[in-house]
Amino acid sequence: MATQRRHTSVAAELEGTLLISGDLFPYFLLVALEAGGPLRAGAPLRAVVLLAVYPLVALLGVALSDDDLPVSVMTFVSTAGLAVADVAAVAKVTLPRFLLGDLRDSAFRAFARHAGGERYVVTRLPTVMVEPFVREYVAEGARVVGTELRVVGRRFTGTAVVSPGVAVAGGDRSLGALVAVLGRDRIVDVGLCSGDGAVNRQPAFMQICQERRVVATPDKAPATPLPRSEYRRPLIFHDGRLVGRPEPLACLAVVMWLPLGVVLAVTRILIGVFPYGVSLLLAAATGFQIRAHLGDAAATGAPPERRLRGTLYACNHQTLMDPVILSTVVHRKVTAVTYSLSGLSELIAPIPTVRLTRDRGRDQQIMQSVLARGDLAVCPEGTTCREPYMLRFSPLFAEIADEVTPVAVRAGGAMFHGTTVRGHKWMDSFFFLMNPSPWYHVRLLPPVSSSSSCGGDDGDASSHDVANRVQRVIGDAIGFECTALTRRDKYRMIAGHDGVDARAS
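Residues in the sequence shown are numbered from 144 upward in steps of one, following my numbering.
Keep in mind that the hints were calculated from the coordinates and are not lab data. What you are looking at is a predicted structure, and each value in this text was computed from that prediction instead of being measured. Treat each hint with caution, since some may be false.
Stated by the list, open to error - If you anchor each label on the Cβ, the simulated ranges turn out as follows:
1. SER512 <-> THR367: 19 to 29 Å
2. LEU202 <-> HIS474: 56 to 66 Å
3. HIS607 <-> ARG252: 36 to 46 Å
Unchecked claim - Derived DMTMM-like pairs: lysine to aspartate or glutamate, alpha-carbon spacing no greater than 25 Å straight-line:
4. LYS235 <-> ASP248
5. LYS235 <-> ASP209
6. LYS235 <-> GLU373
7. LYS235 <-> ASP641
8. LYS476 <-> GLU373
Ideal Cβ positions, reconstructed from N, Cα and C, are used throughout, including at glycine.
Use the sequences and the hints to build the structure in full.
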């Protein structure tokens, strides 16, 4: 009788092995700042306190030879009093982008080779902060062995739960936690650790691993992160305001920049009242880079008074400012349609805005009426997408004009994202304009014919076909991958609802 083959169990340290860096501060800072959304529940103050105490506790940990002391203090400052649901949301939609960017290529592949057996990821971070990332992007079914936090009334106290059997003589918290999960008489077949640094840096849990394997890079070359194309699943949706990894010095730079950033944001908003040519020059003087390529679209062709109907522009959606920048580069007013733009955003908008109702027939009439009087800009994705992907285009825009002018848009900044789902959407434009050098690249593409606009079912192409064609044209122009994902998919993933009542795009 053939013996059944036993799958190999494997355990790997998260920080320093699966992740290139062993620094945990950035992840605690993100929780402190983003849990519940910026400017809620004293988030900025919590982040500033964490930034202030981190150097002190790090030095004290070194002096006392206690690696757990800094982690315990950072855990308390960043999570005490926060709702469990808010921390879990940050772990699901904010942390994975930064963790993926630091995921070590060689360690990920070594860990993945043991599919089928029991897999453990050992970390000094709280389990709630790591589980979504490990299960969705590292290994489905892997067990996270981390710090369990005490909960009172659905809020974290910031202190760890001490389980029976965790204290292990001669070990540390990681060893004790893994023993508590496995039982005292069990061992792990393979333990993975990094080859960086000294041998004695190996985590204590390796003591109960039958075989110890060092994940090293060839010829002592620098460790390389896993390429985006090799992710277990594509990273398309994420939230959070910070663009860069929040290392201590980077955080200090952001804090010091904020006062000047607020002044710059207000100045850049006021520039919108000037004529288009002047506003472009003034924007450039403040560091706002706007590049436009009109191509053969002839966007500035006939003057508005000589055209029977306005031009319909269909843009991919990067920030709320897409129609504003488009209006600036074509040197004329372009009306933007919105569903639930905040009152403040409407107030400071330098272009006309028209609210739609989500009633298809009524919205079609509104858009046709606006187009009969002038130019109209629509963002058929219905929401923004930060990564190089394009969401499915709603076909309504393809039913109101004989031709559509696709507009390929790219935008970005070095410090802050100008979009959010869980944060304060009315501040989206402010955050984008607070970047030291925000930039916009706008490319007008040749018009796409829409035979379905007036012919209904008798047209040569359905509105869905036209919408898909426009999506592909824009995607090809800027190198974005077209998807069938929708606004609803984004909001369900990030916020847990359909996004129908969410304010702003």
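Here is how each hint holds up against the structure:
1. The given range of 19 to 29 Å is broken by SER512 and THR367, whose C-beta atoms sit roughly 55 Å from each other.
2. LEU202 and HIS474 have their C-beta atoms about 57 Å apart, which keeps the hinted 56 to 66 Å range intact.
3. The hinted window of 36 to 46 Å between HIS607 and ARG252 holds, with their beta carbons roughly 41 Å apart.
4. For a cut-off of 25 Å, the pair hint linking LYS235 to ASP248 stands: about 22 Å separates their Cα positions.
5. The straight-line distance between the Cα atoms of LYS235 and ASP209 is roughly 30 Å, outside the 25 Å bound, and the hint therefore fails.
6. With a C-alpha separation of about 20 Å, the suggested pair LYS235 and GLU373 falls inside the 25 Å cut-off, and the hint holds.
7. Of the supplied pair hints, the one linking LYS235 and ASP641 holds, its CA atoms being roughly 17 Å apart against a limit of 25 Å.
8. About 44 Å separates the Cα atoms of LYS476 and GLU373, which puts this hinted pair outside 25 Å; it is violated.
Of the numbered hints stated above, those contradicted by the structure are hints 1, 5, 8, listed in ascending order.
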